[in-house]
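A.B. asks: What follows is the residue order along each chain.
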Amino acid sequence: MDNKIKELIERSKNKDKQAFSELFDLYYDRILNYVWRRVLNVEYAKDITSNTFLKVLKNIQRFECIEEASFNGWIYRIATNEINQYFRKQNRYKLIIDDENNLFDLGDDNKAAEEIEKKIDNDKYNQVLNKSIRQLKPIYQDILHLRYFEEMSYKEISEVINKNETTIRVYAMRALEDLKVILNNDANNFLETYGKY
Amino acid sequence: MENIEQIFKKVNNDRIELKDHKNKLKSVLMNNKYFKEEESGWDWKLTISSLSFSSLLILFAYIHPLAYNNNQQVTSANDAKGGFYYTLISSKNASPSTGEWNNQEVKIIQTVEENSRAVYYFNKQNILVNSQVIRNNK
Numbered sequence: 001m002d003n004k005i006k007e008l009i010e011r012s013k014n015k016d017k018q019a020f021s022e023l024f025d026l027y028y029d030r031i032l033n034y035v036w037r038r039v040l041n042v043e044y045a046k047d048i049t050s051n052t053f054l055k056v057l058k059n060i061q062r063f064e065c066i067e068e069a070s071f072n073g074w075i076y077r078i079a080t081n082e083i084n085q086y087f088r089k090q091n092r093y094k095l096i097i098d099d100e101n102n103l104f105d106l107g108d109d110n111k112a113a114e115e116i117e118k119k120i121d122n123d124k125y126n127q128v129l130n131k132s133i134r135q136l137k138p139i140y141q142d143i144l145h146l147r148y149f150e151e152m153s154y155k156e157i158s159e160v161i162n163k164n165e166t167t168i169r170v171y172a173m174r175a176l177e178d179l180k181v182i183l184n185n186d187a188n189n190f191l192e193t194y195g196k197y
Numbered sequence: 001m002e003n004i005e006q007i008f009k010k011v012n013n014d015r016i017e018l019k020d021h022k023n024k025l026k027s028v029l030m031n032n033k034y035f036k037e038e039e040s041g042w043d044w045k046l047t048i049s050s051l052s053f054s055s056l057l058i059l060f061a062y063i064h065p066l067a068y069n070n071n072q073q074v075t076s077a078n079d080a081k082g083g084f085y086y087t088l089i090s091s092k093n094a095s096p097s098t099g100e101w102n103n104q105e106v107k108i109i110q111t112v113e114e115n116s117r118a119v120y121y122f123n124k125q126n127i128l129v130n131s132q133v134i135r136n137n138k
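Protein chains in written order, with this note's numbering: chain A, 1 to 197; chain B, 1 to 138.
Calculated from the structure, these hints are not laboratory results. The structure presented is a predicted model; accordingly, all values stated were derived computationally and were not measured. Careful, some of the hints might be misleading.
[To be verified] Straight-line alpha carbon distances no greater than 25 angstroms define the calculated BS3-like cross-link-like pairs of lysine-lysine that follow:
| hint | chain 1 | residue 1 | chain 2 | residue 2 |
| --- | --- | --- | --- | --- |
| 1 | A | 55 | B | 22 |
| 2 | B | 9 | A | 55 |
| 3 | A | 17 | B | 10 |
| 4 | A | 94 | B | 10 |
| 5 | B | 22 | A | 58 |
| 6 | A | 94 | B | 107 |
| 7 | A | 4 | B | 9 |
| 8 | B | 19 | A | 55 |
| 9 | A | 94 | A | 155 |
| 10 | B | 9 | A | 17 |
| 11 | A | 4 | B | 22 |
| 12 | B | 24 | A | 13 |
| 13 | B | 33 | A | 94 |
| 14 | B | 10 | A | 4 |
| 15 | B | 33 | A | 15 |
| 16 | B | 22 | A | 17 |
| 17 | A | 94 | B | 9 |
| 18 | B | 26 | A | 55 |
| 19 | A | 55 | B | 10 |
| 20 | A | 13 | B | 22 |
| 21 | A | 4 | A | 15 |
| 22 | A | 15 | B | 9 |
| 23 | B | 36 | A | 55 |
| 24 | B | 10 | A | 6 |
| 25 | A | 137 | A | 6 |
| 26 | B | 36 | A | 163 |
| 27 | A | 155 | B | 9 |
| 28 | B | 33 | A | 6 |
| 29 | A | 58 | B | 9 |
| 30 | B | 9 | A | 13 |
| 31 | B | 10 | A | 58 |
| 32 | A | 15 | B | 24 |
| 33 | B | 36 | A | 17 |
| 34 | B | 22 | A | 180 |
| 35 | B | 24 | A | 58 |
| 36 | A | 180 | A | 55 |
| 37 | B | 10 | A | 15 |
| 38 | B | 124 | A | 58 |
| 39 | B | 9 | A | 137 |
| 40 | A | 13 | B | 10 |
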């Protein structure tokens with residue numbers, strides 16, 4: 001693990017605000033984009049990202065740096081669990097803020113959210129790819145997103161998914177094969193609409 | 001497969017940015033009760049209970065021999081009336097043994113509580129010579 005991150009984690013465990021703030025800055029955009037790609041809904045992406053960081057803070061004292069990249073694996077595991085909860089609960093998924101004095105209004109981002117939604121609507125690759133990925137088994141979805149969007153190594157993915165590296169490699173191959181079948185099944189429609197991929 | 005990977009790469013260039021959400025979430029996190037809790041380096045419950053117990057023991061060690069100081073032999077009085085040693089040894093959670101403390105043979109009685117155990121050392125005359133409270137490992 002990066003020594004800087006290790007140091008920030010240790011300081012955060014000792015309730016050092018500045019350290020946790022730096023850790024947050026390092027991971028916020030990565031987690032937000034990972035979540036957003038999975039759910040393709042800005043409001044839920046915000047809630048899931050918020051819950052992920054609240055859980056990181058709540059559990060950081062229990063986190064132990066065992067080996068390289070373990071924090072990365074840990075934070076993505078929390079985010080992935082939250083995403084899977086969202087898929088299970090859908091519109092029943094809620095933001096968890098236990099401190100009522102700290103409830104925050106996120107309305108100011110409405111304009112940004114609208115622009116993002118509009119951009120996705122116009123983005124043919126995003127539409128097609130995500131629609132196809134969503135037809136895969138949940139674990140295949142996790143693996144493809146972590147591998148190709150988050151550009152994680154198989155070892156890191158194995159920490160997130162909690163399966164061994166060989167299994168992850170096999171699943172990744174199967175996921176790509178299944179994705180290809182899904183895309184090919186819809187090939188005519190796809191080619192007519194979007195051109196050759 | 002290569003074509004699919006290319007699509008991933010194209011899509012991967014799209015990233016979103018939500019500065020307002022980021023700032024507000026950070027503020028929520030920084031004001032979280034986690035940072036407001038005083039870090040306690042010691043277990044105050046255990047400390048208070050240990051101190052109270054130790055005070056009682058010290059009090060007992062001073063008062064008990066004095067109570068029998070009027071020409072009575074402390075040892076025989078202890079034996080005859082039972083004393084702290086006999087009170088302890090007759091309790092359900094006491095486990096007696098023998099050992100050595102401060103270069104003298106002692107009788108040891110351990111009593112086990114939920115989160116701790118107390119060890120008492122008595123000399124041959126059943127007078128308490130030392131005691132300690134040990135917290136059980138979780």
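A.B. asks: Determine for every hint whether it applies to the structure shown.
C.D. replies: Verification of the supplied hints:
no.	hint	result
1	A:55 - B:22	holds, 16 angstroms
2	B:9 - A:55	violated, 30 angstroms
3	A:17 - B:10	violated, 37 angstroms
4	A:94 - B:10	violated, 32 angstroms
5	B:22 - A:58	holds, 18 angstroms
6	A:94 - B:107	violated, 62 angstroms
7	A:4 - B:9	violated, 29 angstroms
8	B:19 - A:55	holds, 21 angstroms
9	A:94 - A:155	violated, 31 angstroms
10	B:9 - A:17	violated, 36 angstroms
11	A:4 - B:22	holds, 22 angstroms
12	B:24 - A:13	holds, 22 angstroms
13	B:33 - A:94	holds, 20 angstroms
14	B:10 - A:4	violated, 31 angstroms
15	B:33 - A:15	holds, 10 angstroms
16	B:22 - A:17	holds, 16 angstroms
17	A:94 - B:9	violated, 32 angstroms
18	B:26 - A:55	holds, 13 angstroms
19	A:55 - B:10	violated, 32 angstroms
20	A:13 - B:22	holds, 22 angstroms
21	A:4 - A:15	holds, 17 angstroms
22	A:15 - B:9	violated, 39 angstroms
23	B:36 - A:55	holds, 17 angstroms
24	B:10 - A:6	violated, 33 angstroms
25	A:137 - A:6	violated, 34 angstroms
26	B:36 - A:163	violated, 37 angstroms
27	A:155 - B:9	holds, 21 angstroms
28	B:33 - A:6	holds, 23 angstroms
29	A:58 - B:9	violated, 35 angstroms
30	B:9 - A:13	violated, 37 angstroms
31	B:10 - A:58	violated, 36 angstroms
32	A:15 - B:24	holds, 20 angstroms
33	B:36 - A:17	holds, 10 angstroms
34	B:22 - A:180	violated, 36 angstroms
35	B:24 - A:58	holds, 18 angstroms
36	A:180 - A:55	violated, 36 angstroms
37	B:10 - A:15	violated, 40 angstroms
38	B:124 - A:58	violated, 54 angstroms
39	B:9 - A:137	holds, 22 angstroms
40	A:13 - B:10	violated, 39 angstroms
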